Amino acid sequence: MTTVSGPDVDRSLAINRLRERRPIDAAAVDRFLARGDVPIVEGERCTFLFRGEADAVHVVHRTVGLPERIAMVRLVGSDLWYVVVELPHGSRFEYQIEVRRGDLHERVNDPLNPRVAHSPVGSSSVCYARGYEVPEWTRTDPAARPGTLTEVVVPSRALRRDVPVRLYLPARFRATARYPLLVVHDGPDYLQYAAAKTVLDNLIHRLDVAETIVAFVPPGDRLVEYANSAAHARFLTTELVPLLESTYPLVGTPPARALMGASFGAVASLSTAYRHRDFYGSLLLQSGSFVFTDIGFDHGGGPAFEPVVKFVNQFRAAPRRVVDRIFMSCGIYEPLIVPNRSMAHTFETAGMAVRYVEARDGHSWENWRDRLREGLSWIYPGPQKFFYE
Amino acid sequence: MKVILLGPQRTPTLGGVVEALELPGPIATVTAGWQEREPADDELNELLAGRGVNLGLYQRWLDVQTRDPEYAAAVRMQRELLDEVQELYLVRLDYAMRSAYDVQHRPSSERLRDDALAEAMEAVRDLDARHLDRLGHLHGEFYRSWPPHERPVIDEHRTAVAALMRDAAAVVVTGGHVGVLVEVLHTFNVASSLGPLVIAWSAGAMALTDRIVLFHDRAPQGPGHAEIYGSGLSLLRGVVPLPHARHRLMLDDAARMSLFAHRFAPARCVVLESGSRVDLESDGTFPPNVQVLGADGRVVSSVAA
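If you're matching them up, the sequences are chains A and B in order. This note's numbering puts the first sequence at residues 175 to 563. This note's numbering puts the second sequence at residues 817 to 1121.
Think of the hints as simulated: they come from the structure by calculation, not from any bench. As the structure is a computational prediction, the values presented were derived from the model and not from experiment. Be aware that a few hints might be false.
[Claimed, not checked] Each pair of labels, with its calculated beta carbon distance range:
| no. | chain 1 | residue 1 | chain 2 | residue 2 | range |
| --- | --- | --- | --- | --- | --- |
| 1 | B | A1071 | A | E563 | 26 to 32 Å |
| 2 | B | R1114 | A | V295 | 53 to 59 Å |
| 3 | A | R185 | B | M1066 | 40 to 46 Å |
[As the list claims (entries may be wrong)] Residues on chain B that point at chain A, a partial pick, calculated with CB under 10 Å:
| no. | residue |
| --- | --- |
| 4 | R895 |
| 5 | V907 |
| 6 | G992 |
| 7 | G995 |
| 8 | G1020 |
| 9 | A1021 |
| 10 | H1032 |
| 11 | Q1037 |
| 12 | G1038 |
| 13 | E1043 |
| 14 | P1059 |
| 15 | R1064 |
Ideal Cβ placement from N, Cα and C applies to all residues, glycine included.
Throw the hints in and build the complete structure from the sequences for me.
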């Protein structure tokens, strides 16, 4: 990915055609902005724009490989700022605009771009590069019969608290059938930010994914519980799953038990399976925070990562098969891409069947949402192969 | 007995076929592959000029599960066992097929490669055959342990189904879930009451064969391997129906499809697309001008057997 800005004049770019106009008055800028979406996507080049008085404007983001702050250039004689950034085909790019006025720095979502991605820590603007489309199966499909979400409060001695689990039962749920179980870390976030219920409804309706009971589990103190915590693993394995298996028509065998999580949630999934070998059959790990050190102690992740690094280092020193199948995904624009690539190999050498996919995306809920079809259909394939209409 | 296989009925041809046959009397229908939608057969019945009599096999199956929980539990355990057997087969099949594909694409001398490929495919065919035998053995064991005719609820339904089929001029078997179809066809012993003509398509066509081959190259997790699922009613031998072949198979990949054809030879892999019609007689003769997968992996017209 390279950035292009400043004096290069390529008349194929709308911004350069505007630059050549004289005079560039407010009306000309108004007309320019009214023409279409911002950022302007032209091939692999995306023109980011900001309009307003300022001393400096930057595009700020967390995409690995680009400067964290990309300076915008003021169009001479106007209050329009711009920068052209090259985004490869299929990229999804989250960013904000940083505006400096005197000593005041302000970070805001792009006022000219209505596309916003949400997460537990706030929202940011999104640029869809050419080739990226929001998968249609992430949107509500009126033809798909919806499953139901119910709340089950699980009293946990391991965690010393009651855990309010939201339980997804597929449409056409029957007590006489037998279902596989998927336990999802950061459950409420998956529901809120990754459209998990809509995705399940659609993928089950389309026979891509098996009818599955899904437990969306919320964290307590996330950075503690998800960082290789014995108590958390005990909660899932000796409290939650047995309770669900005694209450709902679940298959109740390792191949029909799966854990899923993103970031620290992926670490929690792996460490739970590691601590309770042969209990789970599959893992769905998204952008796992599998930070490790090959030498020394400088992992760069801060204190919260200490137990994670210790666990991952231990795993890498003696990799062992903890489940049969692992689906992994990671964005190539996130810092975790390197450890994830390495861990995919480590898992394979431990004898597990691994499906690893990458996307031109970052450490974000929409990236995780977009990979759910591949992941869920790998973990629990739907009955498509049985249907011939 | 005559069997007519049709292409998928999204654009229905059934009505014209039945009308031309000038069949006397009612026509029994099996829509169990549609599962919960089994009773939604108005359109089907219209194509049959209102003469359709739905055997209601799926509803009967649900009734058995409700009224004979002991048998239902045994069936569920059997299903879990069969699923496990299928999984083990798929693990082995994956290695065997990948080996064949690897050999096929290896830049060795043609003769050496062909020999190696033949051996690799022989291993696949052997695996398929053993799996089919194993499934047959497990089904046999189950039926010996749990004779369906000794279960009063099943027997009651079998009697009712036989009565409905007694005067039927033909039986029509629609598509849907092929596993469910085969299960109910066996459970209610439909084969013993079949008349002179069966018309079927999609999953219905597959359920009539002696070797059901599941296939789906366009799954979200990528192309899978075709797999043996067991035996259907075995009215058709040596035929592998491929409904929606163009949609479900990578027909453009001739090398891949040639292995598919070779794997199931001498059975004919019959391409059943919208508008297809294949008339088959029980004497095993295979008609000419049927779209089949050729040895080179391309779709060709059959010649008379």
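A quick look at each hint next to the structure:
As the Cβ distance of A1071 of chain B to E563 of chain A is approximately 29 Å, the hint placing it in 26 to 32 Å holds. The hinted window of 53 to 59 Å between R1114 of chain B and V295 of chain A holds, with their beta carbons roughly 56 Å apart. In this structure the hint that R185 of chain A and M1066 of chain B lie 40 to 46 Å apart at CB holds, the actual value being about 43 Å. Because the closest C-beta pair between R895 of chain B and chain A is about 9 Å apart, less than 10 Å, the hint holds.
Interface restraint check for V907 of chain B: the shortest CB-CB distance to chain A comes to about 9 Å, inside 10 Å, so the restraint holds. Annotation: G992 of chain B was flagged as interfacial toward chain A, and the flag holds, the nearest CB pair being 6 Å apart, inside 10 Å. Checking G995 of chain B against chain A by beta carbon gives a least distance of about 5 Å; that is within 10 Å, so the hint holds. For G1020 of chain B, the shortest C-beta to C-beta distance to chain A is roughly 8 Å, which falls under 10 Å, so the interface hint holds.
With a least beta-carbon distance of about 8 Å to chain A, the hint placing A1021 of chain B at the interface is held under the 10 Å criterion. Of the supplied interface hints, the one on H1032 of chain B holds, with its beta-carbon coming within about 5 Å of a beta-carbon of chain A, less than 10 Å. For the restraint placing Q1037 of chain B at the interface with chain A, the shortest Cβ-Cβ distance is roughly 5 Å, inside the 10 Å limit, so the hint holds. Satisfaction of the interface hint for G1038 of chain B is found here, the shortest Cβ-Cβ separation to chain A being roughly 9 Å, below the 10 Å cut-off.
For E1043 of chain B, the suggested interface contact is upheld, since its CB lies about 8 Å from the closest CB of chain A, less than 10 Å. Interface restraint check for P1059 of chain B: the shortest CB-CB distance to chain A comes to about 5 Å, inside 10 Å, so the restraint holds. A cut of 10 Å between beta carbons decides the hint on R1064 of chain B: the least distance to chain A is about 8 Å, and the hint holds.
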